[in-house]
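Residue numbers (the numbering used here), protein chains in the order written: chain A, 123 to 285; chain B, 13 to 145.
No lab work stands behind these hints: they were computed from the structure. We put the CB at the ideal spot given by N, CA and C, even for glycine. Please note that the accuracy of each hint is not assured.
Heads up, simulated DSS-like pairs for lysine-lysine below, C-alpha to C-alpha not over 27 Å straight-line [as the list claims (entries may be wrong)]: (1) A/Lys268 with A/Lys228; (2) A/Lys247 with B/Lys113; (3) A/Lys263 with A/Lys228; (4) B/Lys116 with A/Lys231; (5) A/Lys192 with B/Lys70; (6) B/Lys94 with B/Lys82; (7) A/Lys192 with B/Lys94; (8) A/Lys164 with B/Lys94; (9) A/Lys164 with A/Lys247; (10) B/Lys82 with A/Lys231; (11) A/Lys247 with B/Lys94; (12) A/Lys231 with A/Lys268; (13) A/Lys263 with B/Lys70; (14) A/Lys231 with B/Lys113; (15) B/Lys70 with A/Lys231; (16) A/Lys164 with B/Lys113; (17) B/Lys113 with A/Lys192.
Which stretches of chain B does chain A cover? Using the computed rule of at least three CB atoms under 8 Å from a CB of chain A, they are [claimed, not checked]: (18) 82-95; (19) 120-131.
One side only, chain A facing chain B, incomplete, derived with CB under 8 Å [said to hold, decoys possible]: (20) Cys170; (21) Leu172; (22) Asp198; (23) Gly221; (24) His262; (25) Arg266; (26) Thr267; (27) Asn270; (28) Val272; (29) Ala273; (30) His275.
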Amino acid sequence: MNLTYRPLALGFIALFFFVVVMGRVQAGGNHFYAPIADPVVKEECGSCHLAFAPSMLPASSWQRMMGNLKNHFGDDASVDADTTARITRYLVANAADAGDRRYGGKLLKGVALGSAPQRITELPKWVSEHRKVPDWEWRHKEVRTKANCVACHTGAEQGYYDE
Amino acid sequence: MKRTIAATLATFAVAFAAPVSAGPREDLLTQYASIAQSSGFSAERGQTLHTRNFAGGKADTPACISCHGKDTRSPGSTPVGKPIAPLAVSVTPTRYTDPAKVEKWFRRNCIEVLGRECTPQEKGDWLVYVISQ
Numbered sequence: 123m124n125l126t127y128r129p130l131a132l133g134f135i136a137l138f139f140f141v142v143v144m145g146r147v148q149a150g151g152n153h154f155y156a157p158i159a160d161p162v163v164k165e166e167c168g169s170c171h172l173a174f175a176p177s178m179l180p181a182s183s184w185q186r187m188m189g190n191l192k193n194h195f196g197d198d199a200s201v202d203a204d205t206t207a208r209i210t211r212y213l214v215a216n217a218a219d220a221g222d223r224r225y226g227g228k229l230l231k232g233v234a235l236g237s238a239p240q241r242i243t244e245l246p247k248w249v250s251e252h253r254k255v256p257d258w259e260w261r262h263k264e265v266r267t268k269a270n271c272v273a274c275h276t277g278a279e280q281g282y283y284d285e
Numbered sequence: 013m014k015r016t017i018a019a020t021l022a023t024f025a026v027a028f029a030a031p032v033s034a035g036p037r038e039d040l041l042t043q044y045a046s047i048a049q050s051s052g053f054s055a056e057r058g059q060t061l062h063t064r065n066f067a068g069g070k071a072d073t074p075a076c077i078s079c080h081g082k083d084t085r086s087p088g089s090t091p092v093g094k095p096i097a098p099l100a101v102s103v104t105p106t107r108y109t110d111p112a113k114v115e116k117w118f119r120r121n122c123i124e125v126l127g128r129e130c131t132p133q134e135k136g137d138w139l140v141y142v143i144s145q
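Extracted from the complex, chain B is given alone in its bound form:
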């Protein structure tokens, strides 16, 4: 339920491109939406992107959850064993507030997992998903 509301709100904000609450996360979503010419983002699609296996990237990291773990509210771990703070904004409130950091890791991790950069649509879906967590 909470997830649906957050997704709906994000869609709403994006659809009207209205700077209702111009936080850095909302700005990112607005940006992704305008590049993608998107009709809206979906947490559902974001979750699928997050959990599904891809064949295009590295063999030992076929999915986002290979490092970030299945539960967005629990810590993950890199292949070298370094812990990663939980992705869920409810647990790590500082997440996705530095656009350069977000873009840097989208680039690195999407290439690592999918073998290519993620599209603005995919980034928006994924962000809406983890923001709702």
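One chain only, chain A, in its complex shape:
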């Protein structure tokens, strides 16, 4: 390639990526689930596992979960009453079905209204997105459990789930 054209070509490549990336973000981020921004929620709900995005479950799920932190999937995740209230408020305000939120909506496909599911990994949509993941991969020692999203989705802490 002639040297004078190279910067131009690079410019086009940069533009191409910009359009693709921005397009994805603006399209409502097919694969984007805003991470937890509140430092208290991040600390209390993000020390045992990834601080799961509130937009992955409906408000009713978070209310039910926050009402029984003493028995949280076999663990005691309880905190004092003020902190519980603060976390609940945040999760509910940012839930999949909160206000005009459009990011998380599609993970709720097929979820019966008011059923308050407790696991993201049991949502019908989550299960179908992962049906092609082979058995051995779930049992891999770096994965260990379906809830270890980060093992496969390296951008999960930032909210990205495009593999």
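Given the coordinates of chain A, assemble chain B onto it according to the supplied hints.
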């Protein structure tokens, strides 16, 4: 050697209950000592508590080191795969400076490993151990 000195110092501070350096860690030790009516804490016993297997708790986490790892200066990992910063104060200087956080995790983790809460004596021993690391 360093460990012995730290343990001795802690024992000393506790024995005289003197607020020599009233940091949050020292306050915690003083508190544990007064509840336990302890004659002193031992890093040696703390290390044993940290590394030994118990049968009373959950099967997949029989010891503190199940999550925190054998080396207090290296990171650990929870059963869900979340990394845990090293316990040694020399590596993570912010450790054990928030009493509510310390108490919260003692409660959760002791029940997880031993199937019961840790006694003030056990907590003091363990703290003296990780502070000395």
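To see whether the hints hold, each was checked on the structure:
1. A/Lys268 with A/Lys228: 19 Å, holds
2. A/Lys247 with B/Lys113: Not satisfied, since the Cα-Cα distance of roughly 37 Å exceeds 27 Å.
3. A/Lys263 with A/Lys228: 30 Å, violated
4. B/Lys116 with A/Lys231: 37 Å, violated
5. A/Lys192 with B/Lys70: Roughly 16 Å separates the two Cα atoms, so the pair holds.
6. B/Lys94 with B/Lys82: 17 Å, holds
7. A/Lys192 with B/Lys94: With a Cα-Cα distance of about 20 Å, the restraint between A/Lys192 and B/Lys94 holds, given a limit of 27 Å.
8. A/Lys164 with B/Lys94: Roughly 13 Å between the alpha carbons, so the hint for A/Lys164 and B/Lys94 holds.
9. A/Lys164 with A/Lys247: 25 Å, holds
10. B/Lys82 with A/Lys231: 44 Å, violated
11. A/Lys247 with B/Lys94: 24 Å, holds
12. A/Lys231 with A/Lys268: The given pair, whose Cα atoms are some 20 Å apart, holds under the 27 Å limit.
13. A/Lys263 with B/Lys70: Measuring from Cα to Cα gives roughly 19 Å; hence the hint holds.
14. A/Lys231 with B/Lys113: 38 Å, violated
15. B/Lys70 with A/Lys231: 35 Å, violated
16. A/Lys164 with B/Lys113: 14 Å, holds
17. B/Lys113 with A/Lys192: 16 Å, holds
18. 82-95: Satisfied; 5 residues make the cut.
19. 120-131: holds (count 3)
20. Cys170: Since chain B brings a Cβ to about 5 Å from A/Cys170, closer than 8 Å, the hint holds.
21. Leu172: 7 Å, holds
22. Asp198: This hint holds: A/Asp198 lies near chain B, its Cβ roughly 5 Å from the closest one there, short of 8 Å.
23. Gly221: 30 Å, violated
24. His262: With a closest approach of 11 Å, the A/His262 hint is violated.
25. Arg266: Since the shortest Cβ distance to chain B is 6 Å, the answer is holds.
26. Thr267: 6 Å, holds
27. Asn270: 4 Å, holds
28. Val272: At about 7 Å, which falls below the 8 Å cut-off, the nearest Cβ of chain B leaves the hint on A/Val272 intact, so it holds.
29. Ala273: 6 Å, holds
30. His275: With Cβ-Cβ at 12 Å, over 8 Å, it is violated.
Comparing the model with each numbered hint stated earlier shows that hints 2, 3, 4, 10, 14, 15, 23, 24, 30 do not hold.
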